[in-house]
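J.: Okay, here's what each chain looks like letter by letter:
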Amino acid sequence: MFSKLKSTAVLFSAGIIATLAACSKSNPGGEVEPPAQESAKYGFVVQAGTPAATYNLVANSLTEGTLTTASNGAKSNYAAITSKGEFYYGIDTDSKTLVKYTSDNSKITVVKEIPFPAISWAYYSSFYKWKDDKTLVLFSSDAAIQFEYAILDVENMKITSSGKLNIPGLMDGYYFWAYNAAFIGDKLYLAYTQENNDTGISVSKTYLASMDYPSMSNITVTQDDRFTFPSHYTLNVQSSFTEDQTAYFITSPTIWSTKTTGEPFGIFRVQNNSKEIDPTYFYELTDRTKEEAVGLTYVGNNRAVVRILDKTKIKDSDSYGTEYITSFYLVDVKAQTKTKINIPLAKGTPFAENVVADGGNIYIAANTAEGYYVYQYNTSSQAVSRGLKLEGINAVNKMVKL
Amino acid sequence: MSNFRAISTCVLLSFSSTLFAQQYGVLQGQIKSSKDGSLLHSVSIKIKNTQLGTTSDPSGNFQLSHIPFGKYKVLISAVGYTSREVQIDIPATVTTKINIDLDPSAQRLGTAQVDGKSESTKLKETGFAVNAIETRQFANLNLDINQVLSRSLGVNIRESAGLGSDFKFSINGLSEKQVRFFIDGIPMENFGSGLTLNNIPVNLIERIEVFKGAVPAYLGSDALGGAVNIITNQSAGNMLDASLAYGSFNTMRAAVNGQFTDHKTGLSLQLGAFHNLSDNNYWMRNNPKNEAPIKVIENEGIVERDAKRFHDRYRSDMAQFEISLSDKSWADKISLGLTYSDFNKEIQTGASQNTVYGELRKIGNYIMPSFKYKKDNFLIEKLNMNAYASYGIDKYRVIDTASQSYGWGGGTGIPLAISGELNDIKTIYHYKNKSALIRTNFSYELDEFNALNLNYNFAHSSRSAEEELGNAKSNPLGTPNTISKNILGLAYQNLALDKRLSTSIFTKLYNLGTFARDVVYFSGSDGNGYTNKDTRFNKNYIGYGLASRFSLRQNLGIKASYERTYRLPESEEMFGDGINIIANNKLKPENSNNINLGFYLNQHFGKHSLNFESSYFLRYARDFIYFKPTGGKFSSYQNLDKTTINGIEAELKYQYANLLDFSINGTYQNSTNKSKYIDGQTANPDITYNDRVPNQPWLYGNLNLSIYKNNWLAPDTKLQFIWSSNYTHWYYLDWESVGSKESKNQIPTQFIHNAALSYSFAKDKYNISVECRNLTDELAYDNFRLQKPGRSFHVKLRYFLNSFNHN
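Residue numbers (our numbering), protein chains in the order written: chain A, 5 to 406; chain B, 326 to 1132.
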């Protein structure tokens, strides 16, 4: 199965669900975002053409104008993992090197490229968390049975530490699946489930491994039987955040990522100094038989944007890319409320970082029946307006504030 | 390998007793028209019951040498003239001279009398768009079939590396599975994974037929865009052709092709065998200019520099043995054959040269018994039939157990604890493919002008796999998947207007039956999700076509061919792999309307001979099958709406007496995106509309030159200089309209030159050649970031004995 996934990844090239950033707005440390500056520029990583290739683009405004790939955009041979400021951090998927680079509308400029043999990188099993602005922690799971990590000093592009995370308790005939991680201070929390080799169905449990950072020691595993599948493809869409010393995670047992059925889509949390999932808290987001929920993009003040998908229109994996099934909601995890963002139903890219919070507005790149636009949502007035038009673009994998 | 050596030695020994007691003569002559005394060129001169034959030059002269002492009948035939048969006597070591006058036939000028013409000429005079390549002219060179085909019109071959590497073959823009390959009319997939176009040496074959667009019904297969039929030695006489070549990158090629016939008993033994070996350890050049850097890890950093390939050794062997009985009342020929092949292939890179492997390898072998039967006037007069049956077992294993990761600097020293190089877990997959084939062909000649042909093919294959280490979590081929195809073809050939108009109308009935275990399906009964189940499928499709040729004058004609054709989906395409590739039972076969329109002109002025042919081609294809990754856990094969490919190709050939051959050809093809909107969404226009489809060569051509010098240094010798150049214009990896110009990836123009010098003495018996490929050491890429070999040198020794007597 993993070989096939790997070959799929190769065919997939940069990938429809290509990696998406913890954009500068989604600070995992829970810090409040600085106010937007007028000169702020925005970066896009998009797929264009069929067969598709990856292009990097920049725009000065998300509220007006057109951004086109017609003779515009830097062809990228890298799979972007994340960005911070003007710098992207990505993988050269051919040579498995780690690359720090910048981009404008004409070319990619490599700042530094380093060998990256520390972990076995794959788009479907790798993930990351920013510890702070200078430290990117990269994770993967070798053959889905051995977690690995590497700590990257992004200023010097140097791996300062790497190794294996020896998570105990993997059952015979099962593999680790659905990975999601968060920091609370110097504690690292890793949520996952176990999936059966033969059936591809996961156990009805979510496991939580907690450990000390950066030593990655004192590993303790607890489990919660209320829900399973604490997200997947978290390399490609944020699915956790930390605020007020509390880490929030989303469960997301989508048809896209598992054969598991009948499990809830909701938010769970881990409190500071705890080694367990908070047994008093679970916010189920949808009617699990009719809707799916994907992604937890932090926008500040205990709020995150979640995509809710109309499950009744999903006929197979292809439906995610072809059907208008996606609504966007602003979720308050503390108050356990959700507010629909009134943009038309969108299609495609459920696993894409297409949300940016900036200066009291939330910008969402959405492919709707109106076309491909960046929609602007004013969090105070709840008004939605159509902004930057995206032309010649199949999918936005990443929209970030540079 | 030891088997191969033993068989070769046996055959050589069995022939040797007869080889050295021969005495030979020479036949010379001139052919004239009895009507006006004009000298006739291109007249066929064949010595019956031997493989000896030639054609007259523009001065009407011919010479046949190396004819064993004896009495023979010689058949002389030409277009527009009545054939003649004459008796000759060849005394030892003496030149016999004959002058022949041919009477114009009653048929009018421009008729196509095919008797006496070479098979290639006959084929070219059908309505099919076809390249017919006589490979004997290349026999002294160290070439494989791909290298011969890549010089011919409208064919493009993209190789990923050196000897034994993967390649992508295309004819007039359609490629890979859309083109089918045959050996003597038998689908090549029945010959196992060890036999490929780039390991069969040219000595083993007589000619190659490349059908573009429309494919004759007698090649019973679902070829969407064309077919290549490789014809092995078809002669009835005795012969031996043995060669050994050695060259750069420790490349060795040996080939033996022999036939021994006892005319008294009708018993015939035939052997074809080859051995290929190459280290393929050529230099990979750091080429950042063409986006093809070679990255080497040094001191925990990355440096860009040249590096030598170190894990690309390739070995393959094949031996084919056949015993036949001929000229019996119940059979014109009946044969039993056995084919064995094996290979051992190290794999150096993935789809890009930046993905470097150091231990991954593929090893396999194949065995196939076969049976052939041929009878003219079968049951009734003028009904000819031939039948073929075979059963092949193809076993190979992919060994992915590397202990460490690799880069261009070799082993990194970083252990791979769990994963292999290819898969995320170390595996040794053993694949087993079994294939049975029954093929029968009936042809019935109604009269001189009308004929019928009926072809039936039944092919059944199963595919299974086991993982030796028990590491793989899931095995999609744990239970064999099977696929069966019945293809029935019916063709009617007609010659009209005094044979100036030749027409073939044909239809093909395709039946596909498949069974697959553990197919992944979407289920709606208990909520949305996926479930596994076994699935069977059986369906029929009908294709049809027409190929026509009309001679305007004796030397000028036009050709048109059309076929509505299908390629049936394969098991994985339809049913997935039971794991991540899900079934798509709505998948339709690929289908295409193929049109070729062309003309040809043959002109002779004294000793000069000029041929020109050109054609326009159109491929109006629907429902292309392609793998559509969703990025989620499950993906599937889908049909792509429509693609149109058109283009033109042309070839000019010039010959001067027996001194010089020159040809130049070129192909321009235009394949464009016709989707106006992205995913059919009218609010999202596709800016690649009308763009050329990327990552495909669209302008390419070849130049070939041969210069001959007979009797240089000594009598009965021949010196030959051969030059070939191949040009492929650069093209984009991705869509032209998308992205900034400076960041677009290109596959650079390649202009490769090859030169060879060959010297034959003792009347072609002994041959030696030296050859240089990629003379200018150009950095050549057929694919983005996959560099091909640089300059290489080869020497080939060849021993050739034709039509020797055994008693």
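A few of these clues could be false.
[To be verified] Per the computed footprint, the stretches of chain A lying under chain B, defined by three or more beta-carbons under 8 Å from a beta-carbon of chain B, are:
id, stretch
1, 64-78
2, 96-110
3, 141-152
4, 222-235
5, 301-310
[Said to hold, decoys possible] Per the computed footprint, the stretches of chain B lying under chain A, defined by three or more beta-carbons under 8 Å from a beta-carbon of chain A, are:
id, stretch
6, 757-770
7, 1055-1063
[As the list claims (entries may be wrong)] Here are the computed lysine to aspartate or glutamate pairs in the DMTMM-like style, where the Cα-Cα straight-line distance is at most 20 Å:
id, chain 1, residue 1, chain 2, residue 2
8, B, K1069, A, D228
9, B, K1001, A, E327
10, A, K319, B, D652
11, A, K116, B, E629
No wet-lab data here; the hints were simulated from the structure. Even glycine gets a Cβ: it sits at the ideal position worked out from N, Cα and C.
J.: Determine for every hint whether it applies to the structure shown.
T.: Status of each hint after checking the structure:
no.	hint	in the structure
1	64-78	holds (count 7)
2	96-110	holds (count 7)
3	141-152	holds (count 5)
4	222-235	violated (count 0)
5	301-310	violated (count 0)
6	757-770	violated (count 0)
7	1055-1063	holds (count 5)
8	K1069/B x D228/A	violated, 50 Å
9	K1001/B x E327/A	holds, 19 Å
10	K319/A x D652/B	violated, 64 Å
11	K116/A x E629/B	holds, 13 Å
The structure fails to meet hints 4, 5, 6, 8 and 10 from the earlier list, while all remaining hints are met.
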